[in-house]
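Participant: Take a look at the letters that make up each chain.
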Amino acid sequence: KAGVTQTPRYLIKTRGQQVTLSCSPISGHRSVSWYQQTPGQGLQFLFEYFSETQRNKGNFPGRFSGRQFSNSRSEMNVSTLELGDSALYLCASSLSGADTIYFGEGSWLTVV
Amino acid sequence: AQSVTQPDIHITVSEGASLELRCNYSYGATPYLFWYVQSPGQGLQLLLKYFSGDTLVQGIKGFEAEFKRSQSSFNLRKPSVHWSDAAEYFCAVGVGSAGTASKLTFGTGTRLQVTL
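Quick mapping for you: the protein sequence lines, in order, are chains A and B.
Numbering-wise (this note's numbering), the first sequence opens with residue 1 and increments by one.
Numbering-wise (this note's numbering), the second sequence opens with residue 1 and increments by one.
Isolated chain A, as found in the complex:
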């Protein structure tokens, strides 16, 4: 079956703009979580959604937000982009959040 799918894979944005990233979880998975990966900070948890509700949250500013739709697909949004937001954004899904977590290939965001 298809894995976790993230779109777009690569994008370049200008400082001050906003960006929306999309994630389609594995079929049947209801938990979707997002991570940011940078060379300096490593892999950091952003937030997790389950049944359209945010269930866990990391330590990121309010510029980072997300949502989940009734079909479990999820989007994350970053407003007022800063240069430091350049990163690989990874989406992960699991059946319930208490089991195996599978990652997508990620969305590479470059802020110039």
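Take these hints with a grain of salt, some might be off.
Unchecked claim - Simulated pairs of lysine-lysine, DSBU-like, Cα-Cα distance not exceeding 35 Å: (1) A:K13 <-> B:K61; (2) B:K61 <-> B:K49; (3) A:K57 <-> A:K13; (4) B:K68 <-> A:K13; (5) B:K49 <-> A:K57; (6) B:K49 <-> B:K68.
What the hints contain is simulated information worked out from the structure, not anything from laboratory work.
Mind docking chain B on chain A? Use the hints.
Facilitator: Just chain B, lined up with the frame of chain A:
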């Protein structure tokens, strides 16, 4: 708060040699533990996980890991490394609300280089 330490930033082994990547975690209860591998420019692939039960877990690609509660460790091993194993390896502990594992805290990773 939970934390994960991978003390080795970079390891080089010869093809065919054995491998052990170290991982220590800090968490008050029994955590969910994972090992992931990442090739350059790619996402994370799950190698294996520990939730409960047998402390020696088998994963894909011939990897195994042993959970040692007394040492707060979850070291990854492979008896014979292949050149294709060269990648970055991440240990993670999963802790979240309502007993979930979905909030992963990762170590800083260990980059494995394999020489022929």
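Participant: Confirm or reject each hint.
Facilitator: Do the hints match the structure? See the list:
For the proposed pair K13 (chain A) and K61 (chain B), the alpha carbon gap of about 38 Å is over 35 Å, so the pair is violated. For the suggested pair K61 (chain B) and K49 (chain B), the alpha carbons sit about 14 Å apart, so the restraint of at most 35 Å is met. This hinted pair checks out: K57 (chain A) and K13 (chain A) have alpha carbons roughly 25 Å apart, not beyond 35 Å. Between K68 (chain B) and K13 (chain A) the alpha-carbon distance is near 45 Å, which puts this suggested pair outside the 35 Å criterion.
Restraint check: the Cα-Cα separation between K49 (chain B) and K57 (chain A) comes to about 22 Å, which is no more than 35 Å; the hinted pair holds. Of the pairs offered as hints, the one joining K49 (chain B) and K68 (chain B) holds, with about 14 Å between alpha carbons and a cut-off of 35 Å not exceeded.
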